[in-house]
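K.L.:
Residue-level listing of the chains:
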Amino acid sequence: MVAQPVVSHLDLCGTRVKVMRAGQGAPLLFLRGTDASDDWRPFLDDLASRFDVIVPEHPGFGGEARPDWLDRIADYSNYYLDVIDTLGLDHVHLVGHGMGGWIAAELASRTTQKLASLTLVDAQGLYVDGVETIDTFLRTEEESVRDLFQDEKLAATEIERRLTLETEDVRLNNQVVIAQTTWQPRGYDPHLRKWLHRIDIPTLIVWGENDRLLPQAYAREWGKLIPGARVEIIANCGHAPHIEKPADFVRLIEAFAKALRVAA
Amino acid sequence: MKIFNFHLMPYAHADLDAIKRLGTSWMTYPNSYYDPKKGADLYHEYLDQLEFADELGFDGVAVNEHHQTAYGMMPTPGVLAGALARRIKNGKLAILGRALPLVNNPLVIAEEFAVLDNLTRGRFIAGFVRGIGVEYHTMGMNPAESQARFNEAHDLIIQAWTRPGPFAFEGKYYKFKYVNPWPRPYQDPHPPIFTPSSGSLSTIRWSAQRRYTYCQTLAPIAAVAQTFKIYREEADKAGYQATPDQLAWSNAIYVAESDEKALRDVRPHLEAYANEFLTRNPTMMAPPGYTSVESIKRMRAIKGFIGQRSTAEDMIARGIVIVGSPNTVREKLAAYQDMAGFGISLTKTQFGTMPHKMVQENQIAIAKEVLPYFKDRLPQPVKAAAE
Numbered sequence: 001m002v003a004q005p006v007v008s009h010l011d012l013c014g015t016r017v018k019v020m021r022a023g024q025g026a027p028l029l030f031l032r033g034t035d036a037s038d039d040w041r042p043f044l045d046d047l048a049s050r051f052d053v054i055v056p057e058h059p060g061f062g063g064e065a066r067p068d069w070l071d072r073i074a075d076y077s078n079y080y081l082d083v084i085d086t087l088g089l090d091h092v093h094l095v096g097h098g099m100g101g102w103i104a105a106e107l108a109s110r111t112t113q114k115l116a117s118l119t120l121v122d123a124q125g126l127y128v129d130g131v132e133t134i135d136t137f138l139r140t141e142e143e144s145v146r147d148l149f150q151d152e153k154l155a156a157t158e159i160e161r162r163l164t165l166e167t168e169d170v171r172l173n174n175q176v177v178i179a180q181t182t183w184q185p186r187g188y189d190p191h192l193r194k195w196l197h198r199i200d201i202p203t204l205i206v207w208g209e210n211d212r213l214l215p216q217a218y219a220r221e222w223g224k225l226i227p228g229a230r231v232e233i234i235a236n237c238g239h240a241p242h243i244e245k246p247a248d249f250v251r252l253i254e255a256f257a258k259a260l261r262v263a264a
Numbered sequence: 001m002k003i004f005n006f007h008l009m010p011y012a013h014a015d016l017d018a019i020k021r022l023g024t025s026w027m028t029y030p031n032s033y034y035d036p037k038k039g040a041d042l043y044h045e046y047l048d049q050l051e052f053a054d055e056l057g058f059d060g061v062a063v064n065e066h067h068q069t070a071y072g073m074m075p076t077p078g079v080l081a082g083a084l085a086r087r088i089k090n091g092k093l094a095i096l097g098r099a100l101p102l103v104n105n106p107l108v109i110a111e112e113f114a115v116l117d118n119l120t121r122g123r124f125i126a127g128f129v130r131g132i133g134v135e136y137h138t139m140g141m142n143p144a145e146s147q148a149r150f151n152e153a154h155d156l157i158i159q160a161w162t163r164p165g166p167f168a169f170e171g172k173y174y175k176f177k178y179v180n181p182w183p184r185p186y187q188d189p190h191p192p193i194f195t196p197s198s199g200s201l202s203t204i205r206w207s208a209q210r211r212y213t214y215c216q217t218l219a220p221i222a223a224v225a226q227t228f229k230i231y232r233e234e235a236d237k238a239g240y241q242a243t244p245d246q247l248a249w250s251n252a253i254y255v256a257e258s259d260e261k262a263l264r265d266v267r268p269h270l271e272a273y274a275n276e277f278l279t280r281n282p283t284m285m286a287p288p289g290y291t292s293v294e295s296i297k298r299m300r301a302i303k304g305f306i307g308q309r310s311t312a313e314d315m316i317a318r319g320i321v322i323v324g325s326p327n328t329v330r331e332k333l334a335a336y337q338d339m340a341g342f343g344i345s346l347t348k349t350q351f352g353t354m355p356h357k358m359v360q361e362n363q364i365a366i367a368k369e370v371l372p373y374f375k376d377r378l379p380q381p382v383k384a385a386a387e
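Residue numbers (this note's numbering), protein chains in the order written: chain A, 1 to 264; chain B, 1 to 387.
Everything labelled a hint here was simulated from the structure, so no lab data went into it. Keep in mind that the hints are not guaranteed to be accurate.
Just a few of them, taken from the derived set where beta-carbon distance is under 8 Å, the chain B residues facing chain A [claimed, not checked]:
hint : residue
1    : Asn142
2    : Ala144
3    : Leu201
Ideal Cβ placement from N, Cα and C applies to all residues, glycine included.
Pulled out of the complex, with its shape left as it was, chain A reads as follows (with noise of 0.2 Å):
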């Protein structure tokens, strides 16, 4: 029961943007992180027989031109919130994964109104003193992919599989519009954490216990940060448990908006 995905393009705050969806049920927002330009996979289609699953490639990704609004993660945090009218969405399951879950916090710092829950996945947005974390931009896009995995056979076939000829000018267009936003501060930014007591819904923290590029440190801090928020941690796992951990991601998330569910 492979749900197809719909692709559409949406145009919002004078950018185009390719939206997958495919799915039934309550919204989920999934919005990913620095690979916004990846294919749909295969844990979407498992999410997608329990919610109507939307997944935007985010503005100044996929070849199209970085928008001239967009200069740090808090703009993207606006634009989404633009997205959610615009699609008359409402009790949003809101899920993010690295940038895209930096994004999502601080959405979620604004406004919770159309929000039904929130998860963080390996999110970037935070800084904790101490804790090593690894430098992307002087890794090579070999390194990057690796990095982002625990299981080294794994990291192979995704670096065959995303590293192709066809995607190579979109990857560095994408990481031009990465810079853009995340480079200085490196992949946080130091007002977010002040506002984060301010997300007032149930939030979920899903984290890989072997994320090198943001260790489990980061886990426990979104943990503090956000008042009544659950903290998952998925073992032998590196920084994208939705794709290293499909199972155990989709899991996860069914039984916390089922719990959800349960307690309204």
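Chain A is already provided as a structure; the job is to place chain B on it using the hints.
P.N.:
Same frame as chain A, now just chain B:
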């Protein structure tokens, strides 16, 4: 031709084996390898060399800016230019250049340059650059904003020098309620502007449109000639004819009694310069947005070349440097001037590990055997096509 003595001020005592091992002399080459006592001596030797160049009759002296590297010890070139400003009595004093996007407040550069222009009573030359890729790491500036910040900082500095103050400046990156710098530049309307670059088309065009002197950094002479040709074409498009003094070639020259001796003397220092001091990780050098996507793809395609060691012979043969007897050096410099059409030579007389005494001998030889022959020399038409 005007011949300037250009200095990089390398940390000549760098541990070359450590650089080989680490694969870089930039950013992550630990500064524990810097010995302040040796470094202080080098600063004084290098400043002595530039003062000596002025006494010997070079047309000017030049310093530049780099950060967190043994390649050059001039993170604050204004300090070194300040140390020289009262000692350089005859020639020009140039900073080639300051990296405009690397500061949060470009007005400090407008001020610094205006002070230097006053100190030298109008013999200062202002160089504007973006800095190299790795410096967006070391200075914590966003490479994706490099070009836009450069353009805006340039506009701000020119306005600060030319518009009666106080006025307000409201840019995207720089916002000032009051722009009214004291002193104003000594030269009217402002010091000559030089724009060093490794040959990016957009910089050449930008520079030609503003009639700024374009300086080509270390490159084989055939590539230099091509670059300068593009500048002249861009000037034509802008409706004027470029003059040779708008084109400067950055090189290194070493003169000794014979070609053989010159090569023998220079080899270890030149090869250390090309292979160790210039060593840096390519990822470090090409941060996203600083380098265009096209250039990154081009660099990836020629990946095979990176990692190959340069030899002194190769650098000489390709016309990156000029090494030899007085006669050889004169012949080559003249031939290269005719081939590329430049009116300014930015000449390093010290490079890599070259020690003080050897530099002074080289400076004396250049002053005696080269400078007089090029005093008013202009590029001559070349009969045959360049090889």
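K.L.:
Confirm or reject each hint.
P.N.:
Right, here's what the structure says about each hint:
no.: 1; hint: Asn142; in the structure: holds (5 Å)
no.: 2; hint: Ala144; in the structure: holds (4 Å)
no.: 3; hint: Leu201; in the structure: violated (18 Å)
Of the hints listed earlier, the one the structure fails to meet is number 3.
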